[in-house]
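Student: Chains R and S supply the protein sequences, listed in that same order.
Start counting the first sequence at 387; every next residue gets the next number (our numbering).
Start counting the second sequence at 387; every next residue gets the next number (our numbering).
Watch out, some of these pointers could steer you wrong.
It does not matter which identical chain is used: a pair holds within one copy or between any two.
[As the list claims (entries may be wrong)] Lysine-lysine pairs mimicking DSS-like chemistry, simulated, CA-CA at most 27 Å apart:
# : residue 1 : residue 2
1 : Lys-1075  : Lys-1021
2 : Lys-1075  : Lys-721
3 : Lys-502   : Lys-977
4 : Lys-1021  : Lys-770
5 : Lys-1030  : Lys-492
6 : Lys-502   : Lys-770
7 : Lys-770   : Lys-977
8 : Lys-721   : Lys-1030
Hints were generated in silico from the structure; no laboratory data involved.
2 protein chains.
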Amino acid sequence: MDGQSPRPQAHRRPEREGSHNYDIESTDGAGGPPWRQNGSSEALLRYDDGGVGDRGSAREPLLRKRTMNTTSQIAIVGANVCPIESLDYEVVENDLFKQDWRSRKKKQIFQYIVLKWTLVLLIGLLTGFVGFFNNLAVENIAGFKLLLTGDLMLKERYFTAFLAYGGCNLVLAVAAAAICAYIAPAAAGSGIPEVKAYLNGVDAYSILAPSTLFVKIFGSILGVSAGFVLGKEGPMVHTGACIANLLGQGGSRKYRLTCNWLRYFKNDRDRRDLITCGAAAGVAAAFRAPVGGVLFALEEAASWWRSALLWRAFFTTAVVAVVLRSLIEFCRSGKCGLFGQGGLIMFDLSSTVATYSTPDLIAIIILGIIGGIFGGLFNYLLDKILRVYSIINERGAPFKILLTITISVITSMCSYGLPWLAACTPCPVDSVEQCPTIGRSGNFKSFQCPPGHYNDLASLFFNTNDDAIRNLFSNGTESEFHMSTLFVFFTAVYCLGLVTYGIAVPSGLFIPVILAGATYGRIVGTLLGSISDLDPGLFALLGAASFLGGTMRMTVSVCVILLELTNDLAMLPLVMLVLLISKTIADNFNKGVYDQIVVMKGLPYMEAHAEPYMRHLVAGDVVSGPLITFSGVEKVGNIVHALKLTGHNGFPVVDEPPLTEAPELVGLVTRSHLLVLLKGKMFMQDQVKTSGSLVFQRFGAFDFAKAGSGKGLKIQDLDFTDEEMEMYVDLHPVTNTSPYTVVETMSLAKAAILFRALGLRHLLVVPKTPDRPPIVGILTRHDFVEEHIHGLFPNLNPHRFHSTSMGG
Amino acid sequence: MDGQSPRPQAHRRPEREGSHNYDIESTDGAGGPPWRQNGSSEALLRYDDGGVGDRGSAREPLLRKRTMNTTSQIAIVGANVCPIESLDYEVVENDLFKQDWRSRKKKQIFQYIVLKWTLVLLIGLLTGFVGFFNNLAVENIAGFKLLLTGDLMLKERYFTAFLAYGGCNLVLAVAAAAICAYIAPAAAGSGIPEVKAYLNGVDAYSILAPSTLFVKIFGSILGVSAGFVLGKEGPMVHTGACIANLLGQGGSRKYRLTCNWLRYFKNDRDRRDLITCGAAAGVAAAFRAPVGGVLFALEEAASWWRSALLWRAFFTTAVVAVVLRSLIEFCRSGKCGLFGQGGLIMFDLSSTVATYSTPDLIAIIILGIIGGIFGGLFNYLLDKILRVYSIINERGAPFKILLTITISVITSMCSYGLPWLAACTPCPVDSVEQCPTIGRSGNFKSFQCPPGHYNDLASLFFNTNDDAIRNLFSNGTESEFHMSTLFVFFTAVYCLGLVTYGIAVPSGLFIPVILAGATYGRIVGTLLGSISDLDPGLFALLGAASFLGGTMRMTVSVCVILLELTNDLAMLPLVMLVLLISKTIADNFNKGVYDQIVVMKGLPYMEAHAEPYMRHLVAGDVVSGPLITFSGVEKVGNIVHALKLTGHNGFPVVDEPPLTEAPELVGLVTRSHLLVLLKGKMFMQDQVKTSGSLVFQRFGAFDFAKAGSGKGLKIQDLDFTDEEMEMYVDLHPVTNTSPYTVVETMSLAKAAILFRALGLRHLLVVPKTPDRPPIVGILTRHDFVEEHIHGLFPNLNPHRFHSTSMGG
């Protein structure tokens, strides 16, 4: 099996001179379509990228709603049908585009640059506004709910208070789940895994659609207000990406908001750059951390990066920061209802100690170890829970709402019921703050306690999550929280965070992780108070960092986000140390939580490095037939037939006698270009090669611009007469004449690195020896997926060869 | 000329069966070597990467000492000989390495990971120590000099004071220039352009050698102490990179400091990663800015980047921050002589206003525009001055020292003479600081003034550069500096900064740029004081940012470095705005200063994007003969002959009859691997293909590890008997069987993107039609250089096609 395995025979066309008896067949062979027929009875057209059939692998894409009635392009991952489209970052160089580049005016280039910066500015402005609106709405809705309940509790109508509190939560939760389940199921969850996959080149169905954006914004507001243990940070990243996508594709055609100026951005490369900026803007808006946002996009989200993009992303986040600052300034005058200091979490630790000693470092190492273990466990449990949930969610929207109701009731019971366990504590005499708290947020919630006392567990539970974090991070409050309180709160938040993520509500993971981390940070700080001089507030911060490192495995961006949240440079080395330890430990158990979700959703994410077992295979081992090729001047009927019966997105074009002396590879033509060319109906009676000038007159490069997802031309939309079907069309002007190729004996590992580094969608495999047809096959993204390779070579044990970056 | 130009005929071997009559010839043809004979009469062996001859282009690599007596590998750029070696980031997959990967133990992988982190830790520790030592030495030397002069001035012995001041400066300057000119000429200048080029894949001669490190550290200390208008930041980056390189290659064999454990890191990829970390550590040590250091490495220095590297670089800078903090803590007790608060610049602007209005924004836009214009002008003038200086410096070390003496005298005269122009100002009554200043540094230098007065120009000139910057950035000091003072200081610093950079002393550009920028920032702030409420200290900061943006064109890293220097998040959006404007304006005039120096030095830097004119050429257009290929089982004599007479670093291996039925490309073998194989003398009597098992027993992968620059095996070191020369050697086990290839009709633009994205050294060009030999030529880095292409196609105007990222 070490690279010497028998290669699957590549499908070869019979080389009859002048004949065009193509093997046009469904990739499914003779049998019926293997995907599940589901709720919607509309048949799915099965598309894939290259020419690869079903390999019957057992991967289960979970968390995906399978009832969709769309003809969007679909790729096969494992045995399941996923509405996924690969993206193509390769520069297409065909004769038509070259003609266009040559004639491109300086004015157009100027227009492009101005538009680019305008778009980036708009992304920043809109994301900033949405981020502020989100906070404003949450603060007002949750504030109203808490004040109402607090009033009832003051009147000692405790059961009514619970009904009011739980009822508010339930209504908000059902509203969130309903819009999510019925309007845009793709909006559920964090959205960061999907954005990450998109930036890697995988476009999951409707993940950046306008309806998803709508549900993400309002679902997140409702979900956070409903008192769930979830955050708005992940959804903000997804929101930023959706805004960027919507602006980049010139609005939504469905909702008649289009703009033709934006034709320049109708390609995967420019769209990717805009969405990277949008993701950065989302983080910046969620945390008010412009630098952190850029680093997040860089470290976690983006798969390709370059200096110019860094600069553009930074500009976007700066705009977000300015917008947020101005709006908060505006709200200082009290015009924004219950919007106080809260919402945009911003913690001030500035008075903490600047020096630390050896015992402090030991405490920090302990924190790091705990963070690594809890983080790894969290990811493990989340994986299991999501698998269970996916079975429930699959049954349809009512079940999704039912699950959400269950979790909402449990959450309400925890946050209203558990504080009754805590004893009332007398108010500290030297407190700067009011005690007990009057109003919405504060450190000293009175709850059921008599005047002059407060309930420390209620200060954490009976608050918005942002306020609870602020209370945990507050410094100089060594004795505010009892040990038992912190233990109860940690257990509740850890478990609620786990069970909340999979419900059909936009839900981020940052807040649950920060909450749980800060709590055990304070526990450790209190326990080690005798040997360490650090403030428990700082311990809470370090705990949050360690848990973030343990679950998300981000380092630099978490560090900078925490730095920007707390505005304290002195703690930077401590945070770095704790992150290093927790990430290293957790990496021994499993992957980061976002990577795990990407895998679970069946998105064919490509890592930048090749797996070691790929070194023992060659490119020819994994390509497999049937391969459909076109002649340079092809009969219209053949093309239409091929497009109708297969879902291939790329077709090799081979010039054959009589056009050339010997068969010769011209290049690759994509489905979308073929469709545009066919629509133009520039057909000829004879099979002769033209100069292409007719095509150049008829078409410009922008006619071939990529439409928004699901909006491109479809072969079903085109009609041809029988006469037209017998005519010929010259494919040369639209054929990409410089496709990247590898020789069939190229190591699969190196082909994978090439594929990933250049952001390809199709990689042509050419034969090694000259006495063969000029093309062996096409490699696409899913040919590199481990399940596919394992399906072809069941005896090849991927774990036999150690996974390491050594020499790789 | 649009891609249809006649291709230079690739040299083709006569295909006589069984014959091995190779065309082994010097790439120079019959004539003598075309490089200039210079001071050292030792003949230079001329190496290049592929098989490409002299193209007679007119590019002049300046700023390079041409008298070197080394047999290090040399590449040709333009018409000149530059001691440059290309680096190879491709994963070599040959049978031997595959054998080795298969048998690699878990233990070894663990060893590798532990070593990697240990190295990174050591880089951080050492760079931190060096950074601190640098500051400590400068503060003490410069402090002693200033105190001595100040004492003499108090006694009104003004001329003696000038002699003492100028004399100290001169001695320090001559010492710096002497070690630089005689020991390590590569240590002159900033070092950032060279590090940037190294990380792009260009290894300039001895740029990371131990001698360069030594001179960089001590030359920088002497140069900064000598009162020049130059900084230690650039040299610190270079120092960090040198330390990383030294540690990575296991010490210096020359100085008998080697370590065999480090064999894992003896390849270009791992070394590149370490040097990226080193560069980040250098910035972190220079500015005490750990996050800024990482972003600098990311934005400016590195050409390739991945998430794991981000994390490692971040760890390195965290270690630097911890080391610096502990050492400064240690010095607080007064054990470090004159080392006060100074040295590691750290400015506190924390009390500046947090709000700003429209007039403030107008002021900031004006600052941005000025920064862009001054920045572009600075780069333009620096280019001219460096070209003049290179003529002087080329004449030898004495001339270098003479130039340094001239600049030193001018600098001393300016900084001692110009303050006499300023009038004495009475001390402000409400000043928190002592006035006039007693001791070394401070805002109110008395200079020649009577008691109770201070000379504001002396406060800027007669100080270390760090203290001058601190004075300019200080807030609440609206009336401290007169307008005339600021104008005089700005003019002097701008001009001195320009003339100082090219001298033979390690010299950074950050400090001159920050000084000049802060000064005009204060001027603008004072002029607009009536309409803007911002503090002049904040204006100085924004001015510095605008000038940094205008010259260096860095954005995110400058922003974060300034953020970390001033510890004030509120000014972040303002700094971003000013940087955006100044960079955008300056980009219309010329390139960033470091890119400009890279070009001027003739380093073949490859941008991540392809130039538009490359779209109109194909790969086959730029490859040119003679090409030397080896047979899979080759006669030793032929190999030795080829290695001796040419400087090619990569040779295609072609199996021919009788080994195979038809000629077939096996792969690529590199010079270094051939040398190791030849040294092993595993020769055979007959030309038969072996199983390779003998080679596998004799060699391990580590025997082929890359040695430090200039330390590898040389063909001259090997001796062969006549009998051995007639024997055969099997090249298959060491041939890279998966080299990346492009078809000769591939667009040059796309070949360039492939070459750059994968970090290749050799790219094989294969024929399109089957009836030709299996290899057309090899593309190397300099085949993509504009001068080379222009030399081949003089009629192709690169400026005819617009340079834009559209569609590219």
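Student: For every hint, state whether the structure bears it out.
Tutor: Consistency of the hints with the structure:
Taking identical chains as interchangeable, the C-alpha atoms of Lys-1075 and Lys-1021 lie at most 27 Å apart only when both belong to the same chain, with a minimum of 13 Å there against 49 Å between chains. In this homomeric assembly, Lys-1075 and Lys-721 never come within 27 Å of each other (Cα to Cα): the closest approach is 71 Å inside a single copy and 86 Å across copies. Taking the shortest Cα distances, Lys-502 and Lys-977 sit within 27 Å of each other only across copies (21 Å), while inside one copy they are farther apart (36 Å). Taking the shortest alpha-carbon separations for Lys-1021 and Lys-770, neither the intra-copy value of 53 Å nor the inter-copy value of 62 Å comes in at or below 27 Å.
Taking the shortest alpha-carbon separations for Lys-1030 and Lys-492, neither the intra-copy value of 41 Å nor the inter-copy value of 51 Å comes in at or below 27 Å. Taking the shortest Cα distances, Lys-502 and Lys-770 never come within 27 Å of each other, neither inside one copy (43 Å) nor across copies (34 Å). For a Cα distance limit of 27 Å, the shortest separation of Lys-770 from Lys-977 inside one copy, 14 Å, qualifies, whereas the shortest one across copies, 54 Å, does not. In this homomeric assembly, Lys-721 and Lys-1030 never come within 27 Å of each other (Cα to Cα): the closest approach is 59 Å inside a single copy and 83 Å across copies.
In this structure, the hints that do not hold are numbers 2, 4, 5, 6 and 8, in rising order.
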